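Undergrad: Residue numbers (this note's numbering), protein chains in the order written: chain A, 1 to 106; chain B, 107 to 258.
Heads up, a few of these hints could be off.
Which residues of chain B face chain A? A few of them, derived with a C-beta cut under 8 angstroms, are [said to hold, decoys possible]:
hint	residue
1	L109
2	P115
3	V127
4	F136
5	T154
6	L158
7	S159
8	P162
9	I233
Treat the hints as calculated values from the structure; they're not laboratory data. Since this is a predicted model, take the numbers as computed values, not measurements. All C-beta atoms in this analysis are idealised placements derived from N, C-alpha and C, irrespective of residue type, glycine included.
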Amino acid sequence: MKSSYTAPSTFDQTTVFVPSEDIVVREIEGELILVPIAAGVGDAEDAIFTFNDTGREIWQRLDGKRTIQQVIVELQALYDAPAGGIAEDVSGLVSELLRRNMLAQK
Amino acid sequence: MTLAPSNRPSSGLLFPLASEVLATGAKFRFRARGGSMMPFILDGDVLTIAPLSNFPLFGDVVAFRHPDTRKLTVHRVVRTDKIMYLMQGDAVNAADGWVHAADIIGRVVMIERAGSSVHFGLGAERIAIAWMRRFNFLWRLLRIIGRAMRYL
């Protein structure tokens, strides 16, 4: 199934992303917790993040094997949702992760 | 919101998080809870732990997995025996027990309190503190100093 919606984005939807090397991700008690490492310090006091369910599904697909477009198509099938909403979620999360240096282009 | 700031992890969750961060070679920063290391570390102080570059030494303040609770604990090395280390809180009369070197994940390198860095208890004085703690006269000395200061 192909998505017919092209979400507005600041990056190319054919881009493949991978988690940054400067991040520790750990599932603890069912929650996916991210600790960015900045200036050689993983800060659990001021900079620790978690995903909601949608965020977790997006994050797990940003594994260096899928383009952004492929991630959108997979999630559209998973949630049986309009492409526009899914694309917005994906683009929004990817933008936020890039801003926080938690994601890198492969 | 798909990505959100998380609450501070509970003490039970800190050990796996700290272990993974330190294993990358980075330091780990978190807020201490409890008074077992008073007066050198207070409840609410923010600690920075660095990965170990060598075996812990007598007097070092280290982060380890507690032998009973299995939680991340920060206490002082008061005795060593090859790869086993006896840990004890500065304000606690009983030692934690012997801890294997593999369960010690880092050394405290910074204490932040009310926006300032505190180092007392981490420097050369740490050896004297460990001796006094081990032979149970640390708090006797602190009480004597406290009484003396009232007269100054």
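Undergrad: Taking the hints in turn, state whether each one holds.
TA: Going down the list of hints, with the structure as the test:
This hint holds: L109 of chain B has a C-beta 5 angstroms from the nearest C-beta of chain A, less than the 8 angstroms allowed. A hinted interface residue such as P115 of chain B counts as satisfied when its beta carbon comes closer than 8 angstroms to some beta carbon of chain A; here the least separation is about 6 angstroms, so the hint holds. The interface hint given for V127 of chain B is met, as the beta carbon of that residue sits about 3 angstroms from the closest beta carbon of chain A, less than 8 angstroms. The interface hint given for F136 of chain B is met, as the beta carbon of that residue sits about 4 angstroms from the closest beta carbon of chain A, less than 8 angstroms.
Interface hint status for T154 of chain B: upheld, as the beta-carbon distance to the closest one in chain A is roughly 7 angstroms, under 8 angstroms. Because the smallest distance between the Cβ of L158 of chain B and any Cβ of chain A comes to about 15 angstroms, over 8 angstroms, the interface hint for this residue is violated. Hint status for S159 of chain B: violated, given a least beta-carbon distance of 14 angstroms to chain A, over 8 angstroms. With 8 angstroms as the threshold, the beta carbon of P162 of chain B stays out of range of chain A, its nearest partner Cβ sitting at about 21 angstroms, so the hint is violated.
At its closest, the beta carbon of I233 of chain B sits 27 angstroms from a beta carbon of chain A; the interface hint therefore is violated under the 8 angstroms criterion.
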